[in-house]
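Sequence order for the protein chains is A and B.
According to this note's numbering, the stretch in the first sequence is residues 1 to 100, in order.
According to this note's numbering, the stretch in the second sequence is residues 1 to 513, in order.
It is possible that some hints are incorrect.
[Unchecked claim] With a cut-off of at most 25 Å between alpha-carbon atoms, the simulated DSS-like pairs for lysine-lysine come out as follows: (1) A/K99 with B/K382; (2) A/K99 with B/K379; (3) A/K99 with B/K201; (4) B/K164 with A/K99; (5) B/K164 with A/K94; (6) B/K160 with A/K94; (7) B/K382 with A/K94.
[To be verified] These stretches of chain B come out as covered by chain A in the derived footprint (C-beta under 8 Å, 3 or more residues): (8) 142-154; (9) 242-249.
By construction, these hints were calculated from the structure, which means they are not laboratory data.
Bear in mind the structure is a predicted one, so any value in this text is a computation, not a measurement.
The C-beta atom is built at its ideal place from N, Cα and C for all residues, glycine as well.
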Amino acid sequence: MATLTHYIILSSILFGIGAIGFLSRRNALILFMSAELMLNSVNLMLVAFSYFRADVAGQVMVIFVFAVAAAEVAVGLAILITLFRHVREVDVTKFNILKW
Amino acid sequence: MSDLGFSFSLSQLWQIAGGQLILIFASLILIFVDLWLTTDEESDHVATMGWLTALSFLVALWYLVHREWPLHEVVLAGVFSAEKFSVFVSAVVLLAGVFASLLSIGYMRNNRMFRGEYFVLLLFAVYGTIAMLQAVDLLMIFIALEVMSLSVYSLAAFLKDSRKSQEGALKYFLLGCFGSAFFLFGLALTYGLTGTVNITKIAQILSVGPFKHPVVLVALAMLMAGLFFKMSLVPFHMWAPDVYEGSPSIITAYMATAVKAGAFGVFLKLMSVAFTPILSLSGQPDFQSTINLGMLAVYWKPVLWWLALLTMFVGNLVAVSQQNVKRMLAYSSIAHAGYMSLGLLAANSEGRMAVLFYLVVYTIMNFGAFGVLFLIDGKEGKAQTLEDYRGLGYRYPTLSFLMSLFLLSMAGLPPTAGFIGKFYLFAAAIKQGYFVLAALGVMTCVIASYYYLRVVWKFYMEEPAREVVAGNISFVTMGVLICLALGVMYFGILPAGLVHIANVAQQSLAMVF
């Protein structure tokens, strides 16, 4: 029987995978995906809390987070495409004309 | 609609969130104005949009300041509140919006970037910041934070032909997402622990209940980390210099002031209401048991101590080595965030007052400096280095004088407003017993005056290196810059009025219960 603790641990692990992926990968698209994974791990946790507290508010929040995540992807991919036109590259280590 | 579980009336909505409603309607109308408006000259089109935007900000500002605000009001099931604190910071943000829209007209003419949607995005950015400040609900704070951030990401990427602008925007976007994911994680944990996302209810539940949980600390750390990204405290600052350098200069000024003001306002509200025992006016704690919350302060204060120290040192020391003036100002704005976190750290009434005062002053002088910067620049990125500034004092006496005034204010030299603001911040920290931090902070101010005065030196004491042609200085731009300069002098010589207002605003935080 999965308890609340299991869900918290699972979503924390997913969040950690997302954070580590974000910090260690070099492809900008993978960075997007990692950030999305972080948001979705939080969704999982919200649903779990909502279920175990018998309170529907948590599930409503998930819908809001979905909407925000979708908007983020739209803006982020647009910026990435305009940058890609200049650089022809999705490797974040190549985005280096601004430093120090 | 009683079956919704909360009462809702349109008149109440208008009373509490009227400023937000004005901005939403204004931005929706301006989208169509941008489409339908046909003018012969593209620059007239942009000027009309800019003036309309400034007008909507002024209407919202007038709405916010002309009425007598009650101490605490809540609307929409406790999502928004309108107390003097959030009204004050919202007014600062709106003021920044007015400066940004008026200066943008001149900026767009100089850069031949005639895009009407720029102003609509600016309206949405200001709307998001104000909604974030008025929200008393963590979820609403998160959504408003995203509305603000997404608009600002797009604005930062507005120079389509500039690789710098795109690169800065992408970095800002990626780290912004990363930061908001942390905020969201903290939100979820808080919800799980307390069963609510309303910050006053969180405080009530935490102060009597289950603080024993170490998860409270994790939640607090996550929420704080999310906000630190927006406040650009070291080591959460990596995006800031890049995006500040790449973005259009006016947007840089907007990000450095209004976005930061929003983040500082929310941080103050969150910490003062939900996670710190706050004393009411009688000097007595508001809750039966504030010990739990007092214990929380033991954890977050040392973290903020180190962050403030690191931010002041890294911001100022790295700024010294910059040759590009825009990037130098970016690092200096990081350092200013460090000074302001002294006030957050003090967490007493003086500290909160000092932060509010400094937000106003900082907005004025930062917009002034970036306003002159874009004029000298002519076309974005053409004359931004220190070498370009050599000898400009004789070629462009007015611009150089204004720039010198704003930089001296940033350095904190009397009789400018920057001096008074810094004085209050350091005084608040010393009153709370942070002697070492205040002393080290003053040391960094000395470092800071070196790089600010270096620009003034270049203006007046060196021969011009090459011909620099400043952009077209329009009447509006000059008018805004002179207003800003007068503001810097006025608040430096007669700060009492603003101090009083800021004090009233911070007192209203103590009564949010």
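Status of each hint after checking the structure:
1. With a CA separation close to 18 Å, the supplied pair A/K99 and B/K382 stays within the 25 Å bound.
2. Proximity of A/K99 to B/K379 is assessed by CA-CA distance (about 22 Å); at most 25 Å being required, the pair is judged to hold.
3. Distance hint between A/K99 and B/K201 is unfulfilled; the C-alpha atoms sit about 44 Å from each other, more than 25 Å.
4. For the hint pairing B/K164 with A/K99, the CA-to-CA distance comes to about 11 Å; that is within 25 Å, so the pair holds.
5. As the CA atoms of B/K164 and A/K94 are separated by approximately 12 Å, the hinted pair is consistent with the 25 Å bound.
6. Annotation: proposed proximity of B/K160 to A/K94 holds, straight-line Cα distance about 18 Å (limit 25 Å).
7. Note on B/K382 and A/K94: the hinted pairing holds, with a Cα-Cα distance of about 24 Å set against a maximum of 25 Å.
8. Given a C-beta distance limit of less than 8 Å, the hint that chain A covers the segment 142-154 of chain B holds, as 6 residues qualify and 3 suffice.
9. Under the rule that three or more residues need a Cβ within less than 8 Å of chain A, the assignment of the segment 242-249 of chain B holds, with 3 such residues.
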